[in-house]
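**Student:** Residue numbers (the numbering used here), protein chains in the order written: chain R, 1 to 229; chain E, 1 to 229.
Just so you know, the hints here were simulated from the structure itself, not pulled from any lab data.
Being a predicted model, the structure only gives us computed values, none of them experimental.
From the structure, some residues in chain E lie toward chain R, with a derived Cβ separation under 7 Å:
| # | residue |
| --- | --- |
| 1 | S111 |
| 2 | L118 |
| 3 | G160 |
| 4 | Y162 |
Just so it is clear, CB atoms sit at the ideal spot from N, CA and C, and this is done for glycine as well.
Number of protein chains: 2
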Amino acid sequence: MEKAVVLSSGGVDSTTCLGLAVEKFGKENVTAISAFYGQKHDKELECARKVSEFYGVRHLEINLADIMKYSDCSLLSHSDKEIKHGSYEDQIKENGKVETYVPFRNGLILSAVSAIALSINPDDKTHIYIGVHADDAAGDAYADCRPDFMEYMSKAINIGSYENLVVEAPFVNVDKAGVVKEGLRLGVPYELTWSCYEGGEKACGKCGTCLDRLKAFELNNAVDPIPYE
Amino acid sequence: MEKAVVLSSGGVDSTTCLGLAVEKFGKENVTAISAFYGQKHDKELECARKVSEFYGVRHLEINLADIMKYSDCSLLSHSDKEIKHGSYEDQIKENGKVETYVPFRNGLILSAVSAIALSINPDDKTHIYIGVHADDAAGDAYADCRPDFMEYMSKAINIGSYENLVVEAPFVNVDKAGVVKEGLRLGVPYELTWSCYEGGEKACGKCGTCLDRLKAFELNNAVDPIPYE
Numbered sequence: 001m002e003k004a005v006v007l008s009s010g011g012v013d014s015t016t017c018l019g020l021a022v023e024k025f026g027k028e029n030v031t032a033i034s035a036f037y038g039q040k041h042d043k044e045l046e047c048a049r050k051v052s053e054f055y056g057v058r059h060l061e062i063n064l065a066d067i068m069k070y071s072d073c074s075l076l077s078h079s080d081k082e083i084k085h086g087s088y089e090d091q092i093k094e095n096g097k098v099e100t101y102v103p104f105r106n107g108l109i110l111s112a113v114s115a116i117a118l119s120i121n122p123d124d125k126t127h128i129y130i131g132v133h134a135d136d137a138a139g140d141a142y143a144d145c146r147p148d149f150m151e152y153m154s155k156a157i158n159i160g161s162y163e164n165l166v167v168e169a170p171f172v173n174v175d176k177a178g179v180v181k182e183g184l185r186l187g188v189p190y191e192l193t194w195s196c197y198e199g200g201e202k203a204c205g206k207c208g209t210c211l212d213r214l215k216a217f218e219l220n221n222a223v224d225p226i227p228y229e
Numbered sequence: 001m002e003k004a005v006v007l008s009s010g011g012v013d014s015t016t017c018l019g020l021a022v023e024k025f026g027k028e029n030v031t032a033i034s035a036f037y038g039q040k041h042d043k044e045l046e047c048a049r050k051v052s053e054f055y056g057v058r059h060l061e062i063n064l065a066d067i068m069k070y071s072d073c074s075l076l077s078h079s080d081k082e083i084k085h086g087s088y089e090d091q092i093k094e095n096g097k098v099e100t101y102v103p104f105r106n107g108l109i110l111s112a113v114s115a116i117a118l119s120i121n122p123d124d125k126t127h128i129y130i131g132v133h134a135d136d137a138a139g140d141a142y143a144d145c146r147p148d149f150m151e152y153m154s155k156a157i158n159i160g161s162y163e164n165l166v167v168e169a170p171f172v173n174v175d176k177a178g179v180v181k182e183g184l185r186l187g188v189p190y191e192l193t194w195s196c197y198e199g200g201e202k203a204c205g206k207c208g209t210c211l212d213r214l215k216a217f218e219l220n221n222a223v224d225p226i227p228y229e
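Bound-form chain R, shown alone (with noise of 0.2 Å):
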């Protein structure tokens, strides 16, 4: 039997993942793992587990938070740095990247739940869900979730595996509309996430990840069940 492990941030597109995969595999056959690096706040877990919690999949937690102590991306708690406000296309105008890049964060994470899914499933084939975007790699706003870097790194970690695991991109190409989209039409429990990336009681409505999920609920005609500031 074929298995799928989800990687779930309790965002739009990771938890719009997790509900393709379970209409593909079961819900039995899928493992959702979310990762801890050092954010600022841990908001996104609670509603990742809560997401694992609607769809009754397994769920597991890793902390890369010692990999990432190094660094000083805003993002992380242990950074002065105040996150900035504003669309992504004005920060790369003027930084060359955004500030909330977290040192190759996607290929750290594929790599350790690429570990984790042949240590759980060892005798079965993996499907390993990851909700990168089109969006997130608009104007290279994010390098790590770039169409090539995704097909690179899906090689290796096919490669690496003996062949046994194998990445699912399934919105590479999408826009987070489209994602929006496929999820309203799937039923996601959208009103469970979180993206926002401040720590606040409700959504700020004003940082890029906030601006970009209000518009794509938006362009389906919807309306973004969670409450904002």
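Guided by the hints, dock chain E onto chain R, whose structure is given.
**Tutor:** Below, chain E alone, put in the same frame as chain R:
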């Protein structure tokens, strides 16, 4: 100024890489990183520390044991399996892979080291040295040492780091005897290194890696300077 980060396990191959990197970049620009991932013994980490001291380079240690805790690989301390003796060739004939394959270890370590390299050298191009060599991949013994794995993983790391990282695998097409030949030229302190999979006072001389090491020195008409049982 370009920098180098060397994956240092305390063994022959990675210590030779460290010698190469110090020759090319100078000790002040080199960082050695050692990974603990749940190995049965930590003698190799002690050796890695001594080697860094010998070269006068910065030494960092990372702990990936939490990721590997789901694996039952015989190399890991929580596994009940005994480490098999005999050549890799015989093990492959028997099982299709070697029992000492730690799930996606090289991918995971390379990714972790990439994240750290971007963090500690944010303004410099950094070369990441890894000591995989041709014998590791012979007969597909270690899938995550195969030249095509290394090729795709290297491309993923380069792209996913905004092209700030370059992976160097100088021995990927060189056998272990060739590695030792280069190390003898460089004056690598092999007396400080450790390769044996067992945790004894002296190397066992019987496990796959001991047999390979002894043969590599013999082919160079040299004597391995470490004591054997």
